[in-house]
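Enquirer: Each chain, letter by letter, is given below.
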Amino acid sequence: MKTSSHLPRVFTHVLALLAGLGLAALASRGGTKTEVPGKGPARSTTNTGAEAANRSAARGGGKTRADEYRQAWDDLAEETMSASRRADIQWRLLKAWAMVDIEGALTAAKEEGFLNSSGAFDEAFMANPRESWTALRKLGLGSMELTTRWAQMVALKDPDAMIAVLGEMPPRLRRDAAGFLFEDVDSDEAANKLKEKVLRIDASEEEMEMHLRQAWLSAPLLPEDRVRVDGWLDLPAGTERLHAMTGWASGLRYQDPATIGAEWEKIPTADRAQAARLLLNQVGKQLPGIRFAVDRAIEGGQWQTLRDNGGAEYFSSQLMKGEPEELAQWALTLPHREEVGGYFADAILPKLTKDPEAGRAWLESLPEGSWQRDEGYAALAQETLKKGGDWEAVVEEISDAEIRRRAEERKRDWEVRKR
Amino acid sequence: MSHPLRNILTHALALGAGWAIYQAGGTSDGDRKPAPESQVSGAERRNELSAGAAKVLAAAKAAADETFVPGLKQEARTEAMKRIGSMSPPADIAAALDTLALSYVVEPAGDRPDSPEAVALIYHWLGKDPEEFFQWAKSLDGPTGTMVRQQFWKAVELQLKAKGAAALLPMLASAEKTGMGRSVANSFARVVALEADLDLIAKVKSSASKESWNEFIGSLYQTWPAERRAEFAKLAAAENKPGLLTYFNPGKPRAEWLRELMADESLPAEFREGIRTNPKLQETLASDTTLSLEERLAYAGKQDDAQSRAEICRHDVDQVLGNDHDWPRAFRRGEATAQEVLEAVRAATPELAAASPEALRDRVFERLVGEDPAGAMILLADLPAAERNARVLHTALREFDHAEPDRFLELLQQVPADTEADREARLDAWNRRSWQNDEEERENYTTWVQALPPGIDREMALFSLARVVAGRYPDLAESLRAQITDAELKQRIPSPSQP
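Chains as they are written, first to last, in numbering that gives the first Met the number 0: chain A, 0 to 418; chain B, 0 to 498.
Please note that a few of the clues may not be correct.
What the hints assert, rightly or not - No more than 25 Å apart at the CA atoms, straight line, and that leaves these computed lysine to any residue pairs for SDA-like:
{"id": "1", "chain 1": "A", "residue 1": "K410", "chain 2": "B", "residue 2": "R471"}
{"id": "2", "chain 1": "A", "residue 1": "K109", "chain 2": "B", "residue 2": "G321"}
{"id": "3", "chain 1": "A", "residue 1": "K109", "chain 2": "B", "residue 2": "N277"}
{"id": "4", "chain 1": "B", "residue 1": "K251", "chain 2": "A", "residue 2": "S83"}
{"id": "5", "chain 1": "B", "residue 1": "K137", "chain 2": "A", "residue 2": "P222"}
{"id": "6", "chain 1": "B", "residue 1": "K54", "chain 2": "A", "residue 2": "A86"}
{"id": "7", "chain 1": "B", "residue 1": "K279", "chain 2": "B", "residue 2": "R332"}
{"id": "8", "chain 1": "B", "residue 1": "K204", "chain 2": "B", "residue 2": "R227"}
{"id": "9", "chain 1": "A", "residue 1": "K417", "chain 2": "B", "residue 2": "P278"}
{"id": "10", "chain 1": "A", "residue 1": "K137", "chain 2": "B", "residue 2": "K54"}
In short, the hints are calculated from the structure, not lab data.
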């Protein structure tokens, strides 16, 4: 009994001894330089994997595994071969090199303009997430695709390692990060465990809302398990409430407009602006409540959320599945604001394109000089452009100079961006 | 001494002891302690390094040289057959597969692992009651679904080997009954094509639904042996489907093979004509550089005009540049000038060089300019200034997708922004670049734009990036626009109140 009670302490002392050994070894490497023949000083490597490789190699007489890969990379550069064969060999070198010295491998890839090297670094990212992250963050311009790849891979393999660096992520990657965590979750139980982890993230309220949005979007509960409105109404303000509230909004994606309307009536006025925002972010990908959610967001002045979803491809395609006449009538009720422009165009186009002649007649019947008529022609002009029709003839109908100018600008963008 | 304090002190002592042991060279691997610098000469180190590097490089080359072998590898086949032989199938195979799937780990980026156990279970189930298997398999998801999808075809291959067509045809019929005909037909085709068994293929045709058959015949090319190309052609001819030849690898230049087929009078005339008029095959035929330009245009079914020649030029130049010399790389490394590369391309494509020298030069320019914009400009030196500027700006707009932003900037700096037309074309190029770069590089691109030196390109970069981000990040757009000083661009900024 006595022995076993002392075991942990013995173990920690052994650990301390080993740590001392490690620290001394690290310190002893301070001034070591390794020469690579014909190439000047070897590129410096600061990550621990490379250091370990260098340290053990120093004991074997000066060469390091990291240096070997660098040398092999440089030797390959001197050989003559086709671009495709070189790329193939480089890919294989990088894949192995990254496991030994991720920073060296990434730097070499960047020098060669090879950073988006389809999966060569995946294994290293998952084996050494923190070290890889540190190396990636040093690369700057050209590295975002690979950094995103890191987040996707590590989110699946080691969610804790991904969560640990959330605060260091550039904001737009951070916005998507929680979505990666839930990408491959295939049971409510696994999703709930992960959501518990997300709830423990040290984040501002705004960021937590963003993470929970992605979590619930990627891993909604089954319709029968959905969170009811009374699951959060009485909770005190804080993360738990936000979590349940987002879960409630997520569950409404499956409900018919009447059910959504009835639930909405139960929400106190003070919670409605936030509820509208959460609802728009969650039901946006499903059909039944989409217009209801947009209307509530407009009522609640949730302009940034409206801006984020409006015109987005997934959102447009869902919105446009509505019945054309109903959609068009709904479009006429929208306010004339930039943040809502995408919804207006999506809602009006099915009517204009389903029966072009009738659609055009309907547009002409709108009051002359009204913004709805002019924006309607602007939306139709853009659609005509995509279908190779007479854009000029449609744009001519726009009476407002500013709306016409924007239509012309969109045309120019479309032409510049096409393949 | 209090317990916690004693603990801290004894741990600190252990840490210090570790440090001291290392410094004294007294670690347990004492005989492998660092050798003094003087004992290992620089030459020895270099030799060791070179030997290690050579090994690493040789391994990478060997892996690159490994040829793809369709179908089950020998070891995997042996292992699975062993398991099939030694296993007495459980009563509930579905439950056994579910249990097995719990330990079937597919790394997010990893290869599909072998699972002889899963192959054996599926093999036995297919042998016992294929309809029950497909009924169960059609709604699978989660780990079991992944495992079954990845191991199924192996069990099919082994069934076919062991039992022949007699085993396969009822399986396909069962799959069709459960609505899985199409997806199963694809797996069957891969397995059947390995042996190019025409009798079996005929039997599949007579028993399969139209949908399964189309999927089946359209999937055979994936694993059909190249040396049995004549039978593949006969099969395509019997079906009168020249399109089946599109992706099949005949083990020799495809255009040459297609020409042989077109001349083969033993094949139906309709099929041969079908080869001539199939757009994909026309492309292949027209890419044959051993033919004259006239013949190639005829095969392509195109008029002899500037556009057709430019298309042929694009293909041929790309082929020469991508050969073992890897000219673009040599140019980037300063091992060849743009003029030398152009000469090499001309020498390799004499007919084209004589017939369409401008198109040839333009394509070489487009391919080299991303490597070293200033160095490539020599190719356009003889053009009048206006034409040169237009070509550069067109290249910046259309040929610089995914290029490094620094190279793009360097290219634009080869042309002035004097005329309104050049200025608008320059802005278009920036508009496209900013749209793509923001999509790909996000904050990294914003940082790069904001660090650009003063001048028209910084102004246009700020303006174009602001337009791209205005929809979702209005604050960022505003801050970028606030940095614009060019009066004309400032005028184009929409007022904040505009919808």
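Enquirer: Now tell me, hint by hint, if it's right for this structure.
Expert: Hint check:
no.	hint	verdict
1	A:K410 <-> B:R471	20 Å, holds
2	A:K109 <-> B:G321	21 Å, holds
3	A:K109 <-> B:N277	42 Å, violated
4	B:K251 <-> A:S83	19 Å, holds
5	B:K137 <-> A:P222	23 Å, holds
6	B:K54 <-> A:A86	18 Å, holds
7	B:K279 <-> B:R332	37 Å, violated
8	B:K204 <-> B:R227	20 Å, holds
9	A:K417 <-> B:P278	23 Å, holds
10	A:K137 <-> B:K54	30 Å, violated
Going down the numbered hints, you'll see the structure goes against 3, 7 and 10, while the others check out.
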